[in-house]
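Take these sequences, add in the hints, and give me the full structure.
Oh and the sequence shown: position 181 is 181 in the numbering used here, straight run, nothing missing.
Worth flagging that the hints you see were computed from the coordinates, not collected in a lab.
Quantities reported herein were computed from a predicted structural model and do not represent experimental measurements.
Possibly wrong hints are sitting among the right ones.
Stated by the list, open to error - Lysine-lysine pairs mimicking DSSO-like chemistry, simulated, CA-CA at most 27 Å apart:
hint : residue 1 : residue 2
1    : Lys-560   : Lys-526
2    : Lys-560   : Lys-489
3    : Lys-526   : Lys-500
As the list claims (entries may be wrong) - Simulated restraints, written as ranges between beta carbons of each label pair:
hint : residue 1 : residue 2 : range
4    : Ala-630   : Ser-571   : 23 to 31 Å
5    : Gly-555   : Ser-60    : 52 to 60 Å
6    : Arg-663   : Thr-533   : 39 to 47 Å
7    : Trp-576   : Thr-533   : 28 to 36 Å
8    : Asn-156   : Glu-67    : 17 to 25 Å
9    : Thr-533   : Gly-631   : 38 to 46 Å
10   : Lys-455   : Asp-588   : 46 to 54 Å
11   : Ser-176   : Ile-123   : 36 to 44 Å
12   : Ile-123   : Asn-156   : 37 to 45 Å
13   : Ala-432   : Ser-502   : 49 to 57 Å
14   : Ser-502   : Trp-576   : 35 to 43 Å
15   : Lys-455   : Ser-571   : 45 to 53 Å
16   : Glu-479   : Gly-428   : 12 to 20 Å
17   : Arg-71    : Ser-434   : 50 to 58 Å
For glycine and all other residues, C-beta sits at the position ideal for the given N, C-alpha and C.
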Amino acid sequence: GDKFDTGWIDIPHDLEMRIDLHNRTISSYTFKSPKYNGSLVNPGFVYHITKKKELIPIYSLALSETETALRKGETADLQAKYHDREMNSANVDWKSSDTSVATVKNGTVTARKGGTCTITASIEDNWKAECSVTVVSGEIYSVQDLKAVSKYPSDNYVLMKDLDLGNEEWTPIGTSSEPFTGKFDGNGHSVSGLKVSGNADCRGLFGKTKNAEITRLSVYGSVSGHEYVGGIVGLAENSSVSYCVNYAGISGTDQVGGVIGRCYETAMEYCMNAGNVSASGRACGGVTADLYPSGKAIFCLNLGAVLGGNELTGGITGGSTSGTVTSCINAASVSYTGGRAGGIAGDNASYSGYRAHNYFLKTARINAGFSVIGTGSGTIASATDEIVIALKNKILGGVGGNKKAWPIQVPAKRKIVAGQTATISVTGCDGALSFRSSNTSVASVSGKGKVTAKKPGKARITVTAAETPFYKKTSKTVEIIVVPKAPAKVSAANLSTGIKLSWSKVSGASYYVIYRNGIRIKKIEKASTVTYTDSIANRNGATYTYTVRACSSEGAGGSKKCSVYRLKKPSITYLWAPFSRTMFVVSDGEPKADGFLIQYSRSRLFTGGKKTVTVGKNAGLTVFIDSLVAGKRYYVRVRTYKRENGKVHYSAWSSVDSVRISR
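Written out as structure tokens, the structure is:
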């Protein structure tokens, strides 16, 4: 049979087999095809043929690292392996996608400047392997830069732009054995798409910090874990966290907080939580789960709902042994399933050194009637408007100077058919929304963003997100384009010269477009014209589907369809009145029809006294009609009909013939 070499082979059958080109044998399965039947030459490698119709190499080239991070000036050695055997790096072709970031020679990578590049190793027969190299400079511009922080957790970093992690599983920066000990300045930027899942401890954007500083950073996404779970940090030890905001949903078992899971001798200042926080076990707080020992929560704000488990639930902190809570606000609901709970703190534990003052509960909904502090004897002083204003300004000033505008996202334009409704989709804000139309005669809008299109034209809908403690009032506009609605009625009838379309006039339409079987055939320029005859559609026995679309200067509007079965015009071949008060009507057969209708009258225009006879056959027609008035002239016409899809279609009437009835 035919022979084949190593490479790509197209096997046109769904099968799997193992081919050893080295020994020229086929193991496990054999195969046959018009082109190949198993005779092998040129031994080389082992391949696997699959129903995907391609050869997948079992041997492959790989590198010792698929991604790595280096500081500027550092080097790293990459080892190439082929079939799990190390290769001499001098026999491998090495290339860098960006030599300004990192260079490579014989497998040794040298970091040049901050950034990310790809190192490619290749050998003969087009075998390749790649390694992503990130050079850490302290300035974070990409997700790869952020990941590289884990390799150098003692350095100082500045976030240079907003980052989106794409909801891919994130490995927290800093572990219990190697915590983050450097400084991280979020620079007023955010990290969105954060996803941390599973049941491990120390979960958050940062897992564990020690003697670290984190400031001016916000996160969006979701974080879950077992113990020490928070949006910014899972476990902060002897650290400082300031001007940070969490928008992520946080859930776990024990020690679960919105911004920080546990504040161990850590100061947390001017931080806010806006994500929902829940714990099934012990210690759950809107901003932090626990301030033990000597932790501080100063000028912090919680806007996210808190759902605690069996012990210690609070709007700001769950537990606070020997900790300090100063000038904090909880403006969200606090719920729990058991144990101690409070609007600000679940427990001040009655231990020495605990201080609680300047609390402010703004419309907090606290279930089961518990109070500011669940148990303990901390001091509570009333908050003033100045404290609330100061808190807003401090947090806003730290995160990004003045208040940021809501990142509202709305469609730039929206086309709606007159008479229909649509709801404007708004994302990127949590503030109360309001809507206003610039032209209510064209389109009106409800308080929930439901737009009602009234007549063709244009209107601008202004969407406004209300001011909140952290965002200023922001507006965006959507251009609403209202196009004409569809004609209420569309009909089609057979004529001798073609098919006649008729439709109802549409208010606001300036022209109409006609389609036959999905193909545009005519533009009706005048809005007052509501009929059109298609003289091309003359194939007897064919079904034609027509669409009439109403249009205006704003664009194409609604449309309506109708179908008609084409029947050619029949004729009367013989009309005879040989006997008294009777006549015979004869017409040729029509195989495309189901039957005939014969209509006769003493009026040439069939305006009165007409009668109709239906004959359910399509063969040659000969009909005897009696009981006529002797001596009078009768006018006769015929047409065919066809039943299709529950509708009866008629041909055009034949030419009128007449006969005088015998006495």
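Now for the hints, and whether the structure bears them out:
Restraint check for Lys-560 and Lys-526: satisfied, since their Cα atoms lie roughly 18 Å apart, inside the 27 Å limit. Distance check on the hinted pair: Lys-560 and Lys-489 sit about 8 Å apart at the alpha-carbon level, within 27 Å; holds. Of the pairs offered as hints, the one joining Lys-526 and Lys-500 holds, with about 17 Å between alpha carbons and a cut-off of 27 Å not exceeded. Here the CB-CB span from Ala-630 to Ser-571 is close to 27 Å, well matched to the stated 23 to 31 Å.
Take Gly-555 and Ser-60: their Cβ atoms lie about 55 Å apart, and the range 52 to 60 Å holds. Hint check: Arg-663 to Thr-533, Cβ distance near 44 Å, so the stated range 39 to 47 Å holds. The hinted range of 28 to 36 Å is satisfied by Trp-576 and Thr-533, whose Cβ atoms lie roughly 35 Å apart. Distance hint for Asn-156 and Glu-67: a CB-CB separation of about 23 Å, consistent with the stated range 17 to 25 Å.
For Thr-533 and Gly-631, the Cβ-Cβ distance of about 41 Å falls inside the hinted range of 38 to 46 Å, so the restraint holds. For the pair Lys-455 and Asp-588, the beta carbons lie near 53 Å from each other, so the given range of 46 to 54 Å is met. At roughly 42 Å, the beta-carbon separation of Ser-176 and Ile-123 lies within the given 36 to 44 Å, and the hint holds. With their beta carbons about 41 Å apart, Ile-123 and Asn-156 fall inside the hinted range of 37 to 45 Å.
Separation of Ala-432 from Ser-502 is about 51 Å and conforms to the stated range, judged on CB atoms against 49 to 57 Å. Our hint of 35 to 43 Å for Ser-502 and Trp-576 holds, since their Cβ atoms are close to 37 Å apart. Evaluation of the 45 to 53 Å hint for Lys-455 and Ser-571 yields a pass: the beta carbon distance comes to about 49 Å. Checked against the given bound of 12 to 20 Å, the beta carbons of Glu-479 and Gly-428, roughly 19 Å apart, stay inside it.
Under the hint 50 to 58 Å, the C-beta atoms of Arg-71 and Ser-434, about 51 Å apart, fit the expected range.
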